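Full structure from sequences and hints, please.
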Amino acid sequence: MSLANNNAFIRIRNLRKAFPIRSGMFSHVELRAVDDISFDIPKGSTMGLVGESGCGKTTAGRCLLRLIEPTSGEVWMGEHNLTNLTNDQVAKMRGRMQMVFQDPGGSLTPRMTVGAILREPLDLHTNLNAHEKDQRVRELLSQVGLQPDHLSRYPHQFSGGQQQRIGVARAIATHPDFIVLDEPTSALDVSVRGQILRLLTQLQEELGLTYLFISHDLSVIKHTCAQVAVMYLGRIVETGSTNEIFDTPAHPYTQALLSAVPIPDPSQRGKERLKLPGEVPSPIDLPPGCRLYSRCPYRRDDCLQPGPPLFHIANNHSAACILVEKSDLNREKLGVSAYSQPA
Amino acid sequence: MVQPGRPDTLLGVMGLHTYFYTYEGIVKAVNSVSFGLNRGEITGLVGESGSGKSVTAQSIIQLVKAPGKIVSGEVWLDGEDLMSFSRDEMQAVRGRKISMIFQEPRAALNPLFTVGDQISRVIQLREGCARSIAESRAVEMMRAVEIADPERRADAYPHELSGGMCQRVMVAMALSANPLLLIADEPTTGLDVTVQAQVLDLIRSRVRSAGSACLFITHDLGVVAELCERVIVMYAGRVVEQGPVSEIFARPRHPYTQGLIASTLRVDIDKPISTIPGTVPDAVHLPSGCAFHPRCPFAEDLCQQEEPPMVEAGQDHVTRCHIVSGRIKKDMIAEAWELESV
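Keeping their order, the protein sequence lines are chains A and B.
Take the first sequence: its position 144, counted from the start at 1, is 144 in our numbering, and no numbers get skipped.
In our numbering, each number is its position in the second sequence, counted from 1, plus 1000.
Hints are supplied without guarantee of correctness; some may be wrong.
As a list, the in silico DSS-like pairs of lysine-lysine whose alpha-carbon atoms are at most 30 Å apart [stated by the list, open to error]:
| no. | chain 1 | residue 1 | chain 2 | residue 2 |
| --- | --- | --- | --- | --- |
| 1 | A | K43 | B | K1271 |
| 2 | A | K275 | B | K1271 |
| 3 | B | K1065 | B | K1028 |
| 4 | A | K271 | B | K1271 |
| 5 | A | K92 | A | K133 |
With the C-beta cut set under 10 Å, the calculated list includes, among others, these residues of chain B facing chain A [claimed, not checked]:
| no. | residue |
| --- | --- |
| 6 | G1050 |
| 7 | G1079 |
| 8 | E1080 |
| 9 | M1083 |
| 10 | P1150 |
| 11 | E1186 |
| 12 | G1190 |
| 13 | L1191 |
| 14 | H1219 |
| 15 | D1220 |
| 16 | L1221 |
| 17 | G1222 |
| 18 | P1244 |
| 19 | S1263 |
| 20 | D1270 |
| 21 | S1274 |
Hint data in this document are derived by calculation from the structure and do not stem from the laboratory.
Since this is a predicted model, take the numbers as computed values, not measurements.
A virtual CB, placed ideally from N, CA and C, is assigned to each residue, including glycine.
Here is the structure:
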C-alpha cells in the first residue's frame, strides 16, 4: 500500500486502540482491539473493512469518527487531522462525517417521528431556518425513496428496509463527505438488502460520498467496494483492490475466509476448502508474531518473530505473511496447496 | 408430494395451519403446509423474515406460543401421529426424538446453570447414566463442536461465553441426545463464516451417520446449496416451491424463488445486484390471490384474483404458480430480475 497516495481523502496512519483489562488486583493487561492499522480511501470511493467478529473492524470505524478515542495514530480527513482536534472541534466536524448503524430499528429513537429524527442533525449542524429545514427533510425522504406522508410516523411503523432508509437519510442530512457504514445490511432480508446497497451506491455517485464499508459478509463487500482491507485480531492482514483480493487472495486467512463462504450453487458442492481449525483466540495478551499462527496450516517457526508487516505483492496489493515475502510459496502454489490441505 | 408411506420418510407434515389471533386480525403464519423429511437427509426451509419458517418448526414440536394456535393438520414422526399425543407424551418426544437448535442461543440456555451442567442433564435424562459419566460425555460433546478448552468452558455460565460459543453449546446439547429429527432454526446466523463452515460440517456428518433427518431453517441460499438435499421455499405462510436442491437451483420455477436466487450475492462471480421490488407483505393483510403478486414481475390479473394451487413442476418438484400450471400463458424470463434492478 502506497502511503504517498495524494488523492487520498481519508488517511489512517498507525491507528491503535487498546482497552485496559483488569486481570488481578494490581495488574492490568491490554486488549489491543486495533493494532497499528494504516490505509487510505480516495475521495468518492468505498473501502471495505472485512473480518470476523472481534477482529476490531467496528472499533476501527468508531475510532475513525472519534466516537471512541484512539490510543495512538492519526486519522486525516482531507486537511484535518481528526486525532488532534479538541472535542468541541470534533463536534463541529460531525456534520461532515456520519455513520449508518447495523441495527436499523435500534439506532432510531422510538419516541421521535421520522420528521423529528431527520430534523435533529439539521438543528445541530446547520443554520437553516424552519422552512428550509422542512424542505431539506422532504428532499431527504425522496432521496432515499420514502414518501412525504411517512414524516409523521414512528420508526416501529416501518419495515427493516425502510428503517435503514431513514438511517441513511439521517446520515446524509448534513451533506457529509465521509460515512462509516457499519454492517448496514446485515439485519435485512436478502430481497431488501439489494435495494439498500443500490441506494448507497446511487447516493455515493450523486453526492460524491466517501465510504468505509464495514462488514463480515464478503459477498456484500465484493459488490460494493473498490478496495478491501481484511482484518484479523486487530491487524490488517491483507489489503488491495477488490478484484485482486477476491481473485488471488495471498494471505492464508483471506483464503480461508473466502473458501468458507457458502456458494449458492449446488453443482459446486464439495469443492475443497482451506479450513482453519479452532477459532479466533482471545485478543488479550497476544504473542508478538503472526496472529494467525495458532490456526495457520502453513505456520513455521519464523512466524513467531514479531510482525509480520504488510509485504507488497502487486499494484497496491499487500499481505502480512512471511510466505508472501519469501515467495517460496508463490501465489498460485499457495492456492493449490491450500485446497489440498486437510482440515 | 408428501408420501408418509415411503419407508425412508421420517416426518410427514400434511395440511398444517397455524394461525395467530391478534388484535389486528388473524395472522395465517403457516397456511396449508405439507412436506416430508427423509432419513439421512437435510432439508432446507428457506424464506425471509415473517414467512412462517420458525412457526412451522414450532408447530412440529407443538411449542407455538399464544396467541398462536395449530388450527389443523397432521404431523407424523416415524409412523406415530404427533397430533394425537398428550402433553406428557409430547414432552417425551421433545429432546429425545426431536431436538431443536434455536435461533437465539443465549435465550435458549438457562442463565443460572453452567453450560456443562445443562448438556450433561440432557445426556443423563436420555441415557439414565451416572452424573459423572454424563459430565465427561458433555465435555466430549463440547470438544466435538470444537469448543477450545472444553474442560474449563464446561464450568462457564452462558453470559460468560460469546454468542457463537453459546450456539456451539446448543448444537452440542441437541446432538448429544442422538435425535431422530434435528430441527435447526438459523443455527449459524450470527456465527462467523469460518466457524459456520465447521458447524455445518458437524451437522452434516452427524445427520448422515445417525440416519436422522434434519430440517434446517435458514435465509441463506448458500448454506442450502452446500448442505441440503431438498429445499422448501416459503413465502407469507405458504410453501411456494419445493424439490431437490440441484433441481431448484438449476431450474427455479416460482418467481419468488427466482428472485431470491437472483438477489443472492456471490463471492465467486460478478453480477449486477438484483432485488425483488417492494417488501414482505403485512401478515394481517395479505394480498389477495397469490401473495407474491404485488412484487412479481410476471403477475397478471388472475394472480390477483385466484390463489394458485400446488402443481407438479418437474421430477419430485412442486410449486404454486399460475404460469407453471399453464393457466397463464407466459414465459418467465430470467432477465426480468436484471431489468428490475436497473
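Hint check results:
no.: 1; hint: A:K43 x B:K1271; in the structure: 25 Å, holds
no.: 2; hint: A:K275 x B:K1271; in the structure: 27 Å, holds
no.: 3; hint: B:K1065 x B:K1028; in the structure: 14 Å, holds
no.: 4; hint: A:K271 x B:K1271; in the structure: 21 Å, holds
no.: 5; hint: A:K92 x A:K133; in the structure: 19 Å, holds
no.: 6; hint: G1050; in the structure: 9 Å, holds
no.: 7; hint: G1079; in the structure: 31 Å, violated
no.: 8; hint: E1080; in the structure: 33 Å, violated
no.: 9; hint: M1083; in the structure: 32 Å, violated
no.: 10; hint: P1150; in the structure: 12 Å, violated
no.: 11; hint: E1186; in the structure: 13 Å, violated
no.: 12; hint: G1190; in the structure: 8 Å, holds
no.: 13; hint: L1191; in the structure: 8 Å, holds
no.: 14; hint: H1219; in the structure: 6 Å, holds
no.: 15; hint: D1220; in the structure: 7 Å, holds
no.: 16; hint: L1221; in the structure: 4 Å, holds
no.: 17; hint: G1222; in the structure: 3 Å, holds
no.: 18; hint: P1244; in the structure: 9 Å, holds
no.: 19; hint: S1263; in the structure: 5 Å, holds
no.: 20; hint: D1270; in the structure: 8 Å, holds
no.: 21; hint: S1274; in the structure: 6 Å, holds
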